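Q: Going line by line, the protein sequences match chains G, V, F, L and S. First residue of the first sequence: 1, per this note's numbering; consecutive thereafter. First residue of the second sequence: 528, per this note's numbering; consecutive thereafter. First residue of the third sequence: 1026, per this note's numbering; consecutive thereafter. First residue of the fourth sequence: 1712, per this note's numbering; consecutive thereafter. First residue of the fifth sequence: 1900, per this note's numbering; consecutive thereafter.
Hints are computed from structural coordinates only; laboratory data are not their basis. All of these numbers come straight from a predicted model, not from anything done at the bench. Some hints could be false.
[As the list claims (entries may be wrong)] Listed next, the in silico DSSO-like pairs over lysine-lysine satisfying Cα-Cα at most 27 Å (straight line):
| id | chain 1 | residue 1 | chain 2 | residue 2 |
| --- | --- | --- | --- | --- |
| 1 | L | 1886 | V | 560 |
| 2 | G | 395 | F | 1425 |
| 3 | F | 1216 | G | 473 |
| 4 | F | 1079 | G | 395 |
| 5 | F | 1425 | F | 1496 |
| 6 | F | 1076 | G | 395 |
| 7 | G | 395 | F | 1216 |
| 8 | V | 681 | L | 1886 |
| 9 | L | 1886 | V | 677 |
| 10 | V | 560 | V | 677 |
[As the list claims (entries may be wrong)] Stretch-level coverage of chain L by chain S, calculated; a stretch enters the list once three of its residues show a Cβ under 8 Å from a Cβ in chain S:
| id | stretch |
| --- | --- |
| 11 | 1779-1785 |
| 12 | 1826-1838 |
[What the hints assert, rightly or not] A few chain F residues facing chain G, derived, Cβ under 8 Å:
| id | residue |
| --- | --- |
| 13 | 1092 |
| 14 | 1214 |
| 15 | 1227 |
| 16 | 1234 |
| 17 | 1616 |
| 18 | 1621 |
All residues carry an ideal CB built from backbone N, CA and C; glycine is no exception.
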Amino acid sequence: MAWFESAGLSLIVFLPAAGALALFAVPKAREDAQKWVALLTTGLTAVLAVAVAANFNYGGSEKFQFEVSQSWIPAIGARYHIGVDGISLPLLVLSAVVTVLAVIYSWDHWDEPRNVRGFLALMLLLATGMNGTFVALDLVLFFIFFELVLLPMYFMIGIWGDSAKRRIPVLGRTVTMRLYAAIKFFLFTLFGSAFMLLGFLALYFRSGDFLGDNTFDIPTLIELGSRNAFGSGTFAFLVFGAMFLGFAVKVPMWPFHTWLPDAHTAAPTVGSVLLAAILLKLGSYAFLRISIPILPDMAREWAPFIGLLAVIGIIYGSLACLAQTDVKRLIAFSSVGHMGFVMLGIATMTDVGFNASLIGMVAHGLITGLLFFLAGSMHHRYHTREIARLGGNQKLMPWMGGIFAFTAMASLGLPGLAGFWGEFMSLLGAYRPLAGLSLSQFQTYMVIGAVGTVLTAGYMLWMLQRVNLGEPKAEWSDHEFHDVGPTEWLAWAPLIVAIVAIGVYPRIVLGATTDAVVNLARTAFGG
Amino acid sequence: MDLDYHALAPELVVAATILVVLGLDVALPRPRKYWTAFAGVLGLALAAVPLLTLAFGDGPETRSMLGGAYVVDGFALVLKAVFIVGGYLVLLMSVSYIESDRYYQGEYYLLMLTSILGSLVMASSRDLITLFVGLELVTGPLFLLAGWRKGDAKSNEASLKFFILGVLSTAILLYGMSFLYGLTGSVTFEGIREAGADLLDSGAFRLAVLFTLVGFGFKVTAVPFHFWAPDTYEGAPTPVTAYLSVGSKAAGFVGLLLLCYKALPSVTEIWGPALWVLAALSMTLGNLTALRQDNVVRMLAYSSIAQGGFILVPFAAAAVSNDPAVIQEAASATIVYVIIYAFMNLGAFGVVIAGARRTGSTMIDDWAGMWRYAPRLAVLGAMFFFSLAGIPPLAGWYAKFAMFLAILRPGNAWATALAVIAAVNAVIALVYYARIGKTMWMDHVPEGADTAGTVNPLTGSLALALGISALFVVVAGILPFEFAGVFADLAKVVTTGI
Amino acid sequence: MVSAVASAPLILAAGEGGAGDLSSGGFFAETAWIMLVLPFAAFLAIILVGKRMKGLGAELAIGAMGVNLLWASVLFVQNMFEGIYREVNLTIGEFGTFAGRRLALELGFVVDGLSIMMYWVVAFVGFLVFVYAHGYMKGDIRVPWFFASLSLFAGSMLVLVGAPNLIQLIIGWEGVGLASYLLIGHYWEEKENSDAAVKAFLTNKVADVGLILGTILLVPALGTFRFSALSAAADAHSDLLGGVAVAGALLLFFGAMGKSAQFPLHVWLPDAMAGPTPVSALMHAATMVTAGIYLMARTFPLYQQMATEARPWMVTIAVITLFVLGFLALVADDLKRVLAYSTVSQLGYMMAAVAAGGYTAGLFHLFTHAFFKALLFLGAGSVIHAVHSNNMSDMGGLRKEMPVTFWTFVVGSLSLAGVIPLAGFWSKDEILATLGHEGYTAFMWVAILGAFVTAFYMTRAVALTFFGTYKGHGHPHESPPVMTAPLVALAVPSVIAGLLNIPGVSWGPIRNFTDWVGARIVPMGDYHPKAIEWELAAYGLIAAVAGIALGWRLFAPDAETQQARDRLRIPVLYPLLHNKYYIDDLYMKGVVNPIKGPLARAVDWVNGYVIDAVINGAGAVTAWLGGLVYGRLDQQGIDLLLNAAAGGTRGAGGKLRLLQSGKVQQYAGAFVVGALLLVVAFVLVT
Amino acid sequence: MTFSEWIAEPVNWAFLAMAIPMVLAALRVVTSRNVVHAALFLVLALAASAGLFILLSAEFVAWVLVLVYIGAVVVLFLFGIMITRAPIGRETNLSHDTRWPAAVAALGVFAVTFWLINAVATQMGGFGDPLPAVGRATATGILGEGFINRYLIPFEAVGFVLLAALIGGITLARKDLTPAEEEEGARV
Amino acid sequence: MVLTQFLVLGALLFSIGVYGLLSRRNAVTVLLAVELMLAAVNINLIAFEAFWNTAAAHGQIFAIFVITIAAAEVGIGLAIILLVFRNRASGNIDQLDLMRW
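Please work from the sequences and hints to get the whole structure.
A: In structure tokens form, the structure reads like this:
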């Protein structure tokens, strides 16, 4: 299996892109063939990802495995360096698997204007970007993959998104949601990543002072970081800040979040799913992979601020959810709150907090992904997402309602389901943040976060009550509703199983991450 | 006379092609004039052959002739390659455009080739005189070509504006050069470099340097020397515009590179801040203005002003450092940017030509929903415009990346400030590039648009040109290593002696 | 510090097998996990195939519960004779380091005196309620779902009581909360019911914050979630817990307040009566609501040994609950609500006992209360089943039509009222004794007064329901045997359970209840009366009899008249009670609605009109700037400049002419001026 | 060198004799209200500069200037003026009504340049010394050698510039035939 | 004769040329002004040549190139002016405003 050791990850990254190319070899009219091409490539990718997980050495999860390092752009010392460790493995598997499910779901859910080939090609490109980001161990490579997701998502939202019109407050202009959301998403992310790139370059240059030669290599930079090479001066402060902007926009942290509700709401179902399940993780993952280990002193200095934004996000997101009238927008805002917990975990700068954020990311990916699937399917049937017009969904479509309720429960952090661990552990982390951080401050965050869990339960339950329970509205009395269909079952069942499995047996994730985050916290902060 | 015919071969082939075209134009009857196009394209392709033998042959790395007045080295070779390939693509794009109207084909290709010849001369020039003559050889034919659509008042106007500002810039350039020569007593770059170091504090020398820069600033459409560009771009025949925005602009940058790095490396304090200002102004004003354009050509004009600003950025980096590595990197970044820019901008213009053929308009709104009826064109359009925006994995990212790398390397506050300005501008630029993407892909086809497709917008030669550009944009975006490595060496060449 | 070091081995040693003089139990203790798993299996099975089964899945639920009852009974009996302790932990994940150790997440089960008692109560009452429900729910629209949810509840409850660590407890805790939510909202077509379900969930969620934060406070200190370690550390007065014991204890108590409906978090429980009656009987009377008491008992050493400062506060809350909230039962017309307030009040008794230091007393009341309160609820259910109404104003005179129900209900009521020698008397007496002994004399008197109130409202309920004339519709009949059999089965322990823990009395080899629940890894060190304190018992009895007498005096003679019910319409007091002390209103109008309404809207407004506006504004400004630069600067700038200059000198006439100036020259002018400025800037200035 | 010393040199009288008319002619070039006059004043100015070149021993350049400019370029100008039917001999306003901005810019350019020239003259030695080349005629052979040796490439390139200007100029300037005329022309 | 006097003369001519370029509205006259600027360049070149007095005579060669190129530019310019004139019957450049927006 030597080939697998060396080529496995590359295949995971580039198979989808190859699939996207292959799609164009299929005549436009042969939609089934196109679907099969997409399914096969993403399926194979997922199988490979699972195989990587199976062959992963969990005893050494703090080390990079399946590593490949090839010359790429020698002029600037950027290398094709990829690998997985315990931090990236769960996210990689999540990404690969959710993509297949998205393809399966797409099988008979197409938004107008119908263009199977184009849509699938974008999805496959997106997969390459997402998988690549999680395995990249070179800042330039990371940047490329990080940005690679932009275009496909931009087009997905812009072409197949929601054509509803909305009046923009203050400006007073009426915009078509998909167009507005697409460019907003694009601009926000690009704005952030422009600064992120500046940060990367600054690291690159400073690294030369210690190594003699500049490097973009993440492991090497981490090694420098563990010696606190970049110090805690203005330089490190600015670099961390620049990267913070880039990552925080992607997460998104309050107050950089406003692209998210619009993008999620406007995106086609699969787009929302991938956005929520994977794209949001790119930012928080980057904190763990890049910002913290390379600039630990700065991470410590920024931590209270990150924590503050995180808890503001938790409360703010939840309160905003309470005011929403659109199911999808509500779910979108819930991401702000949930990612707040993820970021709170990171802000504690402890192994527990990091672990919290990782399992929180995986859980949020599964749960919110499923929620968006459900919201999409419901919209597909009701042709509306107005909460006020829904109701009695449980009666019209018992299975759909049941899964919706289940997922909502998971989303509000019910213990025994995946969502709980992240919330609980990040609060636990906030109780005992890294030595040197203000205890009272983080414990205040902890209490606020805990209050946030109540608000989360509140909006989820009220949404559930208004959507699922009660008698169906009169307008639906003549409608024939099809309950969960076969492709929907196929796409959702793995998510449901995973949510329960991780809820009951979190070792599925923690088994990979714990050693890695303990090592991360130790090398970054000593002790 | 120590002529190295091998080294001169590209110029000679192009010159011969010019004569062949002239002969054919005279000899052929009107319906057969398309042979001139064929000859031109073929000639340029042939000219590329000696480039390859020079680059990969066993000969000396640097071939200097005529007492050092004319040098063929790696730097010159790569830029000549860009000019030849760029010119080749422009000729390909011209074929259908020129055929489709009543143009003087033979003369058109002759002038185009002459201009390309000029840029070849510039790349090898090592003194002010050759540089100046080369520049005029590039520009002179273009004044005429801009007015090539003779019946079109816009084209006439484009030509006249271009010409008047062009001669003004020539005058200012020459006035500057006269002082450069006068104060250093030398017209060669080497001589100026040696003598210039002592003249750092001389105000007149500063004037000389700055006036010379202004002359090139005109060519590279740096704000505030850009005013001609939008009007001329819009009025001139589109392939000519493509060439103006790429070939002629690249020639301007070659001039700047030679001047700054070869002739004036010892007085970075003079040109550095000036180019800092020009870069910042060009990026910012170019981008802000491009935001408000409804005509895709005009938008591209302003975008190319802004792109020119990006290309100028590394100069400012070189200017704040005395470290040869930094200066080399800056030079390399400019070259890389110019090359990538050439391909993606040519591609964009190719799309404009095809789109205009298809829709009969260059107004952005008339292109709405093009994806529905001309998907390939829409894909190409998105590709080139997003590459211009610098979105990975399209080649444009590497251009911007190299630029940022260069400007941040010195770690100087001014340089970093320029990097931040560039970063903000990169985001602003996305707005209007994305707008075209949006229009072509996400808007509804306007009422009454001809979607049945009577015109195939991607005819043979144009398709070939677009295909080459697209291939480059993708491959260079994913694997920039192939030439990035080459450029690192080139930068050493251009900055030797610093 | 010394004690921290000293206690470390103890903490590490705690866990797994039998300890001290406790046996590790036999096969049934080893396989006790079956009890925790079976109901979940039933849950899944019912969801998947329940619809297609003859009994619509009820048989699966009942069968699973039957097996559980068998297991629990064997353990229960075993524990009567010898103390058992067994703990099994399975690591389900580890994260981070605390107290120098990897903090492990574990699932498992603990078999000791406390958990065995709870297993059995849950299994016994649960089994009977399941059987009862099989009859009660016949013809319901969602029978499989009902039994699935019940199974989910049973499983979660057993996971809760079997939890060897806080994590598992939290899982079970929220699991029962979820089941409660599902079952309260069983008839979710009506908004009232789903409102009640949401209310229950959210109130509990508020309390859970306490549980979770309490866990978070205590766990890092120890580096483990295990109760055994917590108990051991508390028992050893470990410094590890020093700083957090009181705060942690209070937070855990706050969690318990929610689940066990202590003032002021009791508001959900009366509303929870929206669920089907068997649910009320099992969850909202016998088992689930006692989870808070159970938690206090499970972590008792913490309160007993270390967090002693917390205890007076807890007793105060509990006494307020038992007394003040008991009054609410006086004015309720809904029979189930009467019982619900009674439950709240009784939970107050239990909590008061445990908080005051009466580990056994509290648990003993929990034990007896489970029987008679389940009995009362099932009895009420039987009545409701017959008259199709919850309101006592639709009942009356049912003693003849429903004799079994009537007599068992009376037994339950007497037991609840604390009439000797029924179970309630003994357990309540022990609580009073404990309160007295621990120095809460004033609270003891309040508790005695509470007994009076209890007796009073139960008498009122019995009188209004079973005496007088029938005021409802149709002809009520006695319920079928499948429902009455559980009534009888519950009546038995309601009568005799008290005998198991009479101070100073023992029954041969069978140990006292005190010893049963005392089989823990560390001694509880609580107070047990050595003999019956007759004086105190007499006060309690007098209060009960007085309550019954007054209730009978007021309601029995003309139980059928409107007048009788109006007898309690005392000015000031009645509106206060009728509006539940306005606490619900305070929550809704003071907290929930402002958050849901104005605050949420404000945040949404901020999102659109502030944050997003900044972003959109930046975009608009950029676009405007673009227009400005293009329109004014790039295309007109020189005109404007000239106009501005000219305006000052030549007035409007000049402007017109100036505007016609040639464009090319403007460009050229800009060119020259630009070049000149560059020179000026970089030559003259520098 | 003081002004009196300077003015004492006869050659400077010659300089002034050419420079003053030259500047005056140049001013008329840009202010004359008659195009033809303007062109003729340019001839005068250029002739004066040719004179200066001779003073500076650059005879060849001087004659080139005379031949190329006065002989050819100005004639070209006059043709251009006639073809565009500019009102010959009639006085019209050839300038914009508002000229002060142009004047300001020009004065600015002059002020800055003048100041810098003076500054550099004091900085760099030799500016005030008599010009060494004066009186020594440059051998035309040197120029010729320069053209075919060191400056061969630009020399050839200029040829192409002229070729392009010629062909392009003709193409642009000539009147396009209508299709009918074209057909006729093709037949002939 | 000293260098400075030529340079000042050149500067004067150049400035006059600038003035003409900016103030003339007839295209041909604009071109005439440009010729003045180029004349200034030539004076500079020749004067500097005299100043350095090197054997290679770079300045003179430069000047000849300038003269030649200027001639070509005039040809080009006049062609363009003719073209514009043909379509508009006016040699005035201040009417070129088609592309103002």
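Q: Check each numbered hint from earlier against the structure, then list the numbers of those it violates in ascending order.
A: The structure conflicts with hints 2, 13 and 17, although it agrees with all the remaining ones.
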